[in-house]
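Protein chains in written order, with the numbering used here: chain A, 1 to 99; chain B, 1 to 524; chain C, 1 to 630.
Hints are computed from structural coordinates only; laboratory data are not their basis. There may be inaccurate statements among the hints.
[Unchecked claim] Computed cross-link-like contacts, DSSO-like style, restricted to lysine-lysine with a CA-CA straight-line distance of at most 30 Å:
#, chain 1, residue 1, chain 2, residue 2
1, B, Lys-388, C, Lys-171
2, C, Lys-33, B, Lys-465
3, C, Lys-171, B, Lys-451
4, C, Lys-119, B, Lys-465
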Amino acid sequence: MSPSAYVVLAAILFTLGSVGVLVRRNAIVMFMSVEMMLNACNLAFVAFARMNGNLDGQVVAFFVMVVAAAEVVVGLAIIVTIFRTRRSASVDEPNLLKY
Amino acid sequence: MTSSMLNLPTSIPWLTILGVVPLVGSVVVLLLPRARETMAKQVALAFSLVTLVLTVVLALGFDAASSAPFQFAEKYEWIASLGISYSVGVDGIGLVLIALATILVPIVMLSGWNDVAPGTTGRGTVKGYFALMLALETCMVGVFAATDVFLFYVFFEVMLIPTFFLIGRFGGAQRAYASVKFLIYSLVGGLLMLAALIGLYVVSADVLGQGTFDFMQLVGIDIDPGTEKLLFLGFFIAFAIKAPLWPFHTWLPDAAREATPATAVLLIGVLDKVGTFGMIRYLLPIFPSASQWFAPLVIAMAVIGIIYGALVALGQSDMKRLFAYSSMSHFGFIALGIFVFTSQGMSGSVFYMIAHGLATAALFIVGGYLMSRRGGSSLISDYGGVAKVAPILGGFFMFAALSALALPALAPFVGEFLVLLGTFERYIVIAVIATIGIVLSAAYALRLYQKTMTGPVAPGIDGMKDLGGREFTSLFPVFALTLVLGVIPGIALNVINPAVDRTLTTVGLTDPQPVLTGTEGGQP
Amino acid sequence: MEVTTAAGGAFAYLWLLIGFPLAGAAILLFGGKRTNRWGHYVGTLAVVASAAYAVILLLALMGRSPEERTVVQHIADWIFINKFSASIALQLDQLSMVFVLLITIVGSLIHVYSIGYMKDDPDRRRFFGFLNLFVAAMLLLVLADNYLLLYAGWEGVGLASFLLIGFWQHKNSAAAAAKKAFVMNRIGDVGMSLGIMLIFVTFGSVTFSTVFDQAGEASDTTMTWIGLLLLLAACGKSAQFPLQAWLLDAMEGPTPVSALIHAATMVTAGVYLIVRSGPIFDQTIVASTVVVIIGTITMFLGAFIGSAKDEIKKALAGSTMSQIGYMILAAGLGPVGYVFAIFHLLTHGVFKANLFLGAGSVMHGMKNRENMRRYGALRAAMIVTWLSFMAATFAIMGIPPFSGFWSKDDIIHAAFEHNIIIGICAILAAGFTGFYMTRMLVMTFFGKARWEDDQHPHESPPVMTIPLIILGIGSIFTGIGLLFWGNIETWLEPVTGFETRELAIPAIVLEGITLLVVLVGAAVAIAMYRRSVAVEAPKGNVLVRAARNSMYDDAINDTIAVRPTYWLSRSLVWADRSVIDGIVGGSAAFVGGLSGRMRRLQSGFARSYALAMLGGAILVVVVMLLVRLP
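Sequences and hints are given; from them, build the entire structure.
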């Protein structure tokens, strides 16, 4: 299979993820969509690494994974805290951080 | 011409010590317990006096006849890759300004002894007030001693911090507005200067092969005329705001009105001189042709400032704003003297900087004493007949008014006359217009004196206490120095003249000859 | 050619002339209340010491040959920058010598008189301090050897007059008069400053000797300008038209101050300046003609005012203006007139001091009221004052052999030599002098008593009358003494030059005509005021009303200078607030408003932020695709 197919798949996944972030209200789902975008990037990195024949892309993919893991830790903690106080995981409700 | 009166060992970093002493004092004062207020004041005063003694030693060790551009020079690498070094040194101009700063700090400390007391506005602590003044003193020494343009810029900006807090925490009712206005004005100027500074670095890298901020290397480098004008403007606007020249002056009346008298003295008496000092030290030698190109503009601004400031001072109903506008008028004289490029004008300007520092001190301090006796009101209409009730206060007020109107035998006269003379040599019409300023200055100074000090005793003035011992002690040195410098200005001119001549040589201009040449010009 | 010698022998302590009164002023002003008890003696002693030393110097000077009578003492360098240099150096020559004598001797008498006059004033010590300062400044003015130091003395005189005119500072009118005097003097000082600058730019020096040696080499235009600028300065200090308005208000000061200002110091400074700068004025026919014209105008202006004022001191002030006008006129005539200007200045110094101190003595006995319509028949109550006042009146009118006759007659003579119209003017003004002085004499000392009910006129104490007696004798003999014994003409000649020209009319005829005109003036005054004087001033015609209002000088000054300045000042205060600070405040408000709008974008909805991020990312990609970076 040509590497371009992987890139196309990555693009589709990224688009799905970004649409998910934009249209869904549930914080958990948005979170999962973000993860999907990150993994789409990972897929693209790995595919490009393969295409170019060096390991740089794969290294970056590992970095992304680490960052994603850290992000999950912080993000889920925030979501759980908000859920505890407001009994809801909708991102539209907590709008205190505005002007 | 004598050489130095004291032979100081050159191995000791005198200027650095001079700068560090008040900084150490500032830290020590801050470390004292908050409750020991008197102790904080005493320690601060002691440190400022030590600095003053060091300055005197330095002044005695200064060799006016020396051909070296800077004395007591020190140089240490700081950011070598960018050609930035910590290098300091003084010429005659820097020396007299440092002396002015270190003389005024103990005086204003004494005058502001009870500025921070229960019942006064402002939220700061006593030790904070005095520590900030000492910190400011360090910055003042640094800014006048720096011989690296970047170092100068750093001090130029750092100076804002203690000043901002001195106005913003210890001032009058509108202090927040005034301090922010002052800060933003200064920062705008500082930003332009930073841009010009970077530009200068790039140019120096082009010309010299390696970029530098060292003043001595920057003097006389060949800059493309268009670029030179832009860089000149960057520096000039920063200095014009600081000085302040018309029309960049509107921060001054607010700051002067809201600051305590002590802060106002340091601000107008010394800090603002950085603007005019910068013009002499940096603009003229580094951008000689742009300086000449812009001279008509600067002269116009200066002359407008002289007349405008005096006229607006005449119409003020608030004493402190009147002082501020009179200072603006005097800054017009100082800037005028610099940009007419004659040795009389420029020496006069430098001398006027010192004289104006003293005159400002006299005005604000004696005005502050007056106002503190009347609940802090600065409205002229609240006063009348004070000289009858408090004759010593009235006498010092008279003296302050006389130095504002530049009476002969007082220091400001020497500066003002020399500036006018220097102007007359090149631009007769400008000198004639500027001379009208001496009528207006008499009008506003005496109007103020008449309204506050003479006439029937106003309500609320009855039983006003005359000056006490501390107050007298703080004013007397100002009085004595103004008189001494007015009668024997030579002690300062001796030091100033060589530095001025050197500056004019770098600009490449000489004084116009008298019409009847080939005549002897009086005794040397 | 004169020889300038360095100070030695008796001249070694030349600076003490100024030093004595300056030290006196310092002791009295800085000594505070401690010196209250004996301060006035110190003040008087200081001036008397100066006077004594001045006499010694005079004798020493007379012991030298006329060419060697210029002594210079260099005290210190003052202001020096490259070519410019002005020293603190004193120059004593024949001209400054006579001034020093006038200032110190008349000054001493005024000091002595003031001991009595100010006896009840709680601030007497301060008064003497200021008087000493005045004398010191005036001595500096006449002893300076260069224009800049002269300027220092010049301003010092202005300061001292400010302090003294405003001495009774609790009165608003006194404080205002003091300020007015100083500010108007400052207008003259503009001329002085610019004149000094032009002198330096032209000659490269401000020292008298250097400047005068080269005076012939400069261009006519330059010399004319220097002359006019110095004249402006002289107008300010000597209260000449158009800067005369301060002089009448200056009567707000205590009477000895008026005597000092009008007789020995201050107003004579302008005459000194012009005579001292003679070599400059000699080069410029334009400037010296303007000097003559100004002198003539002021001569009449003062005479008009003096004829109409009812306050005794103001009438005397008018007469001073007029007499100084005479001197300025004479000074404008060049070497023909310099000597007579100084001669008249000296005699005038004596009899005007006498007149003012006499007026002060009258006021002292009349509860400080000065309306002459409420005087009358005082000769019985104060005989000494009356007699000395009368001597001085005859002197100023120019009745022979009183001192004014000799000096004024010489001026008229010189004026005729110069121009017949000026000569006639001078004679007419002499007639006016006869009128207003007789009017004053008659209204005050003769006629019926028109006193207010609470008045009990009495003669002043001896400390005041003795100076009056001395001055009265002086009013009689100064003229003869200076002319015949002192040879004032030959004495001053080395400094000022001296020449006479033959007249078509014999001198004796001219003298006769002058005397006749004066007597006519006096007769008119006697006819008008001998029998009855209305207690309320009659309305009078236009001319009288104008003269009573000092020719509306205040109104004129207000209209052309004061009110426009204040209007401009107020407009600029407004413009500063609203235009300049408005632009500053406006730009701050603009940035603030803009950011107020912009922050609305922070809606708090996480998903709209995400959309914005996506939009931004797409924008970046699109830009990168469209713009191929090199």
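Checking each numbered hint in turn, tell me which of them this model violates, lowest number first.
Checked against the structure, no hint fails, so every one of them is satisfied.
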